[in-house]
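Kindly generate the complete structure, drawing on both the sequences and the hints.
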Amino acid sequence: MRRLEKIADWFNQRLQIGQEVRAIAGHPVPSKSASWWYVFGSASLTIFIVQVFTGIMLALIYVPSAGDAWNSLQYLNHGVTLGWFLRAVHGWGSNFMVAVVLIHMCQVFLFGAYKFPRELTWIVGVFLLLMTLGMAFTGQVLRFDQDAYWGLGIGASIMGRVPLIGGWLVHLMLGGPILAGDTLSRFFALHVFVIPGLLIGFVGLHLLLVLKLGINDWPMPGRIVRRSTYLKEYHELTRKDGMPFVPQAIWKDMFFSAMIIVSIMVCAALFGPFGPTGVPDPTIVQTVPKPDLPFLWLYAVLSLLPPEMETPVLLIGPVLAIAFLIWLPFISGEGEKSWLRRPVAVVTLALIAVSLVTLTRLAMHSPWSPVMYAWSGDPVPVGMLQGRTPLERQGALVFQGKQCRNCHSIGGSGGKRGPALDTVGTTLTYDQLVRQVIQGGGNMPAFGKNLTPAETTALVSFLQTLRPPGRLPAKNASRAVVMEQEGSSPKPNTR
Amino acid sequence: MSDPASNAGVSEKREVSRRDFLAKIGILLNVLAALILATPVIGYLMSPILRGERGRYKRWVALGRVTDFPEGQTRFAEFHNPISSPWDGATDKTPCWVRRVQGEQFQVFAVNCAHLGCPVRWFPQSGLFMCPCHGGVYYRDGSRASGPPPRGLFQYEYKVENGELSIHAGQLPTLSTTASLRRRRGGCEG
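So the protein lines, in turn, are chains L and R.
Per the working numbering, the first sequence runs over residues -3 to 491.
Per the working numbering, the second sequence runs over residues -11 to 178.
Fair warning: there could be bad hints in the mix.
[Stated by the list, open to error] Derived CB-CB ranges, DEER-like:
1) Ala319/L with Leu38/R: 23 to 33 Å
2) Pro303/L with Gln113/R: 23 to 33 Å
3) Pro339/L with Glu66/R: 55 to 65 Å
4) Phe64/R with Gln103/L: 49 to 59 Å
[What the hints assert, rightly or not] Lysine to aspartate or glutamate pairs mimicking EDC-like chemistry, simulated, CA-CA at most 16 Å apart:
5) Lys81/R with Asp277/L
6) Lys445/L with Asp129/R
7) Lys412/L with Asp374/L
Simulated from the structure, these hints should not be mistaken for lab results.
Glycine is no exception: its CB is placed at the ideal position from the N, C-alpha and C atoms.
Dropping the structure here:
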């Protein structure tokens, strides 16, 4: 022990930072802020360190070349001892980091920590969130498989929607005319040098601000933040009711960080690494690309927006969102901190959270995508063929053969792009069915050019039989009235 | 000569302002050097744009004999991108859909959906191209049938020479970098 102290002294005589370090470690925090709610920031930092460490480990093997990246990932998974585990930890670490950073942000927002004097801390935090998401996206690209390839294609297509300079942006992003070797190399540089470098700098700044300004005090309803008095009140609080960060507050951070690391490792061990999925060969078009978890909500938005709103939302939406986040501390830099007195803030956050979760859930099922193999994979349920006429059965064949099933489900299987057709016979009349099939409309392609009259007749006859037992087919009531009138009219019936 | 003390004061003052001046020159020199250094760096970064100016990314690429493509049908074809590097691996292979309307009349579609670039698949039975991502659907002539795409499929310019079909290709088609293509805005004609 004495020897250790001697060594420490030797270093301190030269470095002369012992006092500063002790002052930083022992800086007073309000006792109520030494809470389990305040552990997410330090946990984000811990995960970032894990990511840097495992990232360097992966870089020992990974080959950032479009021709070899996929093979080097396979080698990592299967050829290198525990390579799969390090990939898994890095991949799960990424998901955990996005999640914990978001939770941290929500907590900070709800606790009003972005208000005076911590505006800059919040703004730096907004950039940290953007960089975290940037790391998640570029990391998905480095896992150079089919999802990565087509995900990049989507990124390029979004760039292509920028007016005037869209073409330049596409080529700048791809590093050339197509998505190929130069594209992966530049995303490697972004993921490994540029964004982590910025992240380290911004994390340092974020931490410095936390130390200089002190941790946010626990929000009490009625304790109003005023620029003129806040600093005095805060110092009064820490003087009266403060405790040194080390060791009295830090143990919760350490417990939580350790738990997060263990959770990441458990997920990695149980669920394994992410992919890589199929080889990134563009000529394999039999693929259903999907983004990684943090971007699934965006995938849903892109599918559900009306086409004419898409470009404005894609290009202006992110700018507005980021501008709002940066602006937030300036429009509400003072006032109530407590969530109990900020109903608008709470409702807004709840709305955003519910929307993101809903969109993510939806994107997991992606009901807007045609099910490409439904027409050849799922037979028409037997019950829907029993007791049908030959014409109607022929219609069932047309139904399968013309891939109606890719978008319409019957018997619970098939696409969800269009409505399920199990009871369509009760909602659309014969004439309406013919019109819908031939002319399309309401987001359905017109099949007029692809069906012979005989095929249409058979198909519609089959569709008319799709009704719950005992229900009559839909009929046009007004038509019956017209026919009745025609029948009762003095004019000779021409039919 | 007057008071030596005040004299010394003046000379000291002069010295400081001279150093200030030199420091300012020093800053200026570094700004200048940085600007000079930045110029080639920016040029280097802009290379993907500059190399592709005035359609230099596009070349005529042979797709195969006309007879490889039966009349009235749509077939899958692939080619190596005219601009590529040895470390591209499989990514310089580019797929496309070739529809031989009749005789020497063709339509060659990029696989990339006009919506966000996912690969569309041809379904001959229903005569539709379907996109697996966000549900875009196109008719056999490439025009938009339903879903989110803002226009029809991107088409390559083609020519038939000595019984061989070639297309003018070379860059990833998006709404502002067309596959090569007749620059038709917005329309659904493809």
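A quick look at each hint next to the structure:
no. : hint                               : result
1   : Ala319/L with Leu38/R: 23 to 33 Å  : holds (32 Å)
2   : Pro303/L with Gln113/R: 23 to 33 Å : holds (26 Å)
3   : Pro339/L with Glu66/R: 55 to 65 Å  : holds (59 Å)
4   : Phe64/R with Gln103/L: 49 to 59 Å  : holds (52 Å)
5   : Lys81/R with Asp277/L              : holds (7 Å)
6   : Lys445/L with Asp129/R             : holds (12 Å)
7   : Lys412/L with Asp374/L             : holds (14 Å)
Consistency with the previously given hints is maintained throughout, with no hint failing.
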